[in-house]
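K.L.:
Letter by letter, the chains look like this.
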Amino acid sequence: DAKTTQPPSMDCAEGRAANLPCNHSTISGNEYVYWYRQIHSQGPQYIIHGLKNNETNEMASLIITEDRKSSTLILPHATLRDTAVYYCIVRGYGGATNKLIFGTGTLLAVQP
Amino acid sequence: KAGVTQTPRYLIKTRGQQVTLSCSPISGHRSVSWYQQTPGQGLQFLFEYFSETQRNKGNFPGRFSGRQFSNSRSEMNVSTLELGDSALYLCASSRLEGSSTEAFFGQGTRLTVV
Chain D
1 DAKTTQPPSM
11 DCAEGRAANL
21 PCNHSTISGN
31 EYVYWYRQIH
41 SQGPQYIIHG
51 LKNNETNEMA
61 SLIITEDRKS
71 STLILPHATL
81 RDTAVYYCIV
91 RGYGGATNKL
101 IFGTGTLLAV
111 QP
Chain B
1 KAGVTQTPRY
11 LIKTRGQQVT
21 LSCSPISGHR
31 SVSWYQQTPG
41 QGLQFLFEYF
51 SETQRNKGNF
61 PGRFSGRQFS
71 NSRSEMNVST
81 LELGDSALYL
91 CASSRLEGSS
101 TEAFFGQGTR
111 LTVV
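Taken in order, these protein sequences are the chains called D and B. Taken in order, the first sequence gives residues 1 to 112; the numbers are from the working numbering. Taken in order, the second sequence gives residues 1 to 114; the numbers are from the working numbering.
Derived by calculation from the structure, the hints in this document are not laboratory data. Virtual Cβ for every residue (Gly too), placed ideally from N, Cα, C. Mixed in with the good hints there might be a few duds.
Distance condition first, Cα-Cα at most 30 angstroms in a straight line; then the derived DSBU-like pairs of lysine-lysine [what the hints assert, rightly or not]:
(1) K99/D <-> K69/D
(2) K3/D <-> K52/D
(3) K3/D <-> K99/D
(4) K99/D <-> K52/D
(5) K57/B <-> K13/B
(6) K13/B <-> K3/D
(7) K69/D <-> K3/D
(8) K52/D <-> K69/D
(9) K57/B <-> K3/D
(10) K57/B <-> K69/D
(11) K99/D <-> K13/B
Now the stretches of chain B that chain D is said to cover, found in silico as 3 or more residues with beta-carbon under 8 angstroms [said to hold, decoys possible]:
(12) 80-88
(13) 102-112
Computed spacing ranges between beta-carbons, pair by pair [said to hold, decoys possible]:
(14) N23/D <-> P39/B: 22 to 30 angstroms
(15) S9/D <-> Q18/B: 36 to 44 angstroms
(16) L51/D <-> Q54/B: 27 to 35 angstroms
(17) E14/D <-> S51/B: 44 to 52 angstroms
(18) T53/B <-> T104/D: 27 to 35 angstroms
(19) A2/B <-> I101/D: 21 to 29 angstroms
(20) T20/B <-> K69/D: 37 to 45 angstroms
(21) Q18/B <-> T72/D: 40 to 48 angstroms
(22) P76/D <-> T5/B: 27 to 35 angstroms
So that you can see chain B by itself, here it is in the shape it has in the complex (with noise of 0.2 angstroms):
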């Protein structure tokens, strides 16, 4: 079946502007979460989303948010970008239900801000 699927692979915006980044999960996965990794920072997680509700947040500022559809696609917005918003943006899915609890993730939206 298919992966989880990113869109786009590639972005470069300039400071000042806002970006969309989209997440298609796995077939029959309610779950997803976004991840910025930078090479000073490492992994870290943004938020969380089940079945449309926000389940968690990281300590991320308000410029970023998410949001969920009830086909479980997910998309996630960084409104006035920052030169420190370039970043590798993961998402990942997951059933989260009975055993199932691994996350799978997409190959990445490589955001440049320039």
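Just chain D, with the same shape it has in the complex (with noise of 0.2 angstroms):
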């Protein structure tokens, strides 16, 4: 089962910040908080990844709280382009395997 709960829609207006958040109240100390997306019928995209420490990247950014039971993706200008489903996932770091558990994720419609 994945060990991630996420809202299963939000709306964003074109342009403006798209903020969306990520529980994983039992993440183990050794294990990342990764970011996918899927636009409609396409491959997964990878976004970004971290531990603990807040991460950027060209993409986006990612917001770990303290005690790393919760993130927040953050898209800074939203465009209509960004309409996807977000993925939360919560895996181990350190090459032992690639296996990624998906969860339902956040359908993020961008609005004109």
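Mind docking these for me? Both chains are given alone in their own frames, and the hints should help you get the complex.
P.N.:
Below, the structure written as structure tokens:
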């Protein structure tokens, strides 16, 4: 079973920041938080991952709470092309496996 | 560099037949995983291969099998197809070395069983 809980859907106005929450209260010390997104009928796309520090890349920012029980993915200026299902995944680090357990994700609808 | 390539993109098969799907990972990636996506069950892990060895297997019947070749290309096979096997089959590759753990997905093979 997935170790994460996400809201089923969210709306965001184009040009505004999209903040997608994720709860992972049972995360263990050696597990990372990964975010992927899937645009309709395409393969999932890697966005970002982190352990306990906030992370930023060209696509998004990841804010992880100090207790690591929840996190927020931030798309700073959402566009219509960001409309997709966003998946938050908890997985171990260190190269042992590439197995990903997907939950139901959050459908982000960016409105014009 | 080229991404993960899955062939064919679309496939229609009849119940009882078998099917083989192919996945070519990104150059240098030795890990290949397979997933099934259906509207009812979402994205589900099928199996994972690393250096020609199956590392993990999901909760699927034995009709689903796979293999990986020495060049890291992978195939999955489904025998005795059922209507419920209609799905988008996705392949992901990863280096799984050092800090590189991100999985990169192909566009998938859409299988329809009639």
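K.L.:
Counting residues of the stretch 80-88 of chain B that have a beta-carbon nearer than 8 angstroms to any beta-carbon of chain D, does the count reach 3?
P.N.:
violated (count 1)
K.L.:
Regarding the pair K3/D and K52/D, is the alpha-carbon distance no greater than 30 angstroms?
P.N.:
Given pair K3/D, K52/D holds - Cα atoms ~17 angstroms apart, limit 30 angstroms.
K.L.:
So does T53/B sit 27 to 35 angstroms from T104/D, Cβ to Cβ?
P.N.:
31 angstroms, holds
K.L.:
Given a hinted range of 37 to 45 angstroms, is it respected by the beta-carbon distance of T20/B and K69/D?
P.N.:
43 angstroms, holds
K.L.:
For the stretch 102-112 of chain B, count the residues whose Cβ lies under 8 angstroms from any Cβ of chain D; is that count three or more?
P.N.:
holds (count 8)
K.L.:
Given the hint of 27 to 35 angstroms, check if L51/D and Q54/B actually sit that far apart at their C-beta atoms.
P.N.:
Cβ of L51/D to Cβ of Q54/B: about 28 angstroms, so the range 27 to 35 angstroms holds.
K.L.:
With 22 to 30 angstroms as the target window, see if N23/D and P39/B comply at their CB atoms.
P.N.:
24 angstroms, holds
K.L.:
Evaluate the given range 44 to 52 angstroms for the C-beta pair formed by E14/D and S51/B.
P.N.:
For E14/D and S51/B the Cβ distance comes to about 45 angstroms; the hint holds.
K.L.:
So does A2/B sit 21 to 29 angstroms from I101/D, Cβ to Cβ?
P.N.:
Check passed, 28 angstroms falls within 21 to 29 angstroms.
K.L.:
Is K52/D close enough to K69/D, meaning Cα to Cα at most 30 angstroms?
P.N.:
Holds - the C-alpha atoms of K69/D and K52/D are around 10 angstroms apart, at most 30 angstroms.
K.L.:
Using the C-beta atoms of Q18/B and T72/D, is the stated range 40 to 48 angstroms upheld?
P.N.:
This hint holds: roughly 45 angstroms between Cβ atoms.
K.L.:
With 27 to 35 angstroms as the target window, see if P76/D and T5/B comply at their CB atoms.
P.N.:
Holds, since P76/D and T5/B (Cβ atoms, about 32 angstroms apart) stay within the stated range.
In terms of the numbered hints stated before, the structure departs from hints 6, 12, listed from lowest to highest.
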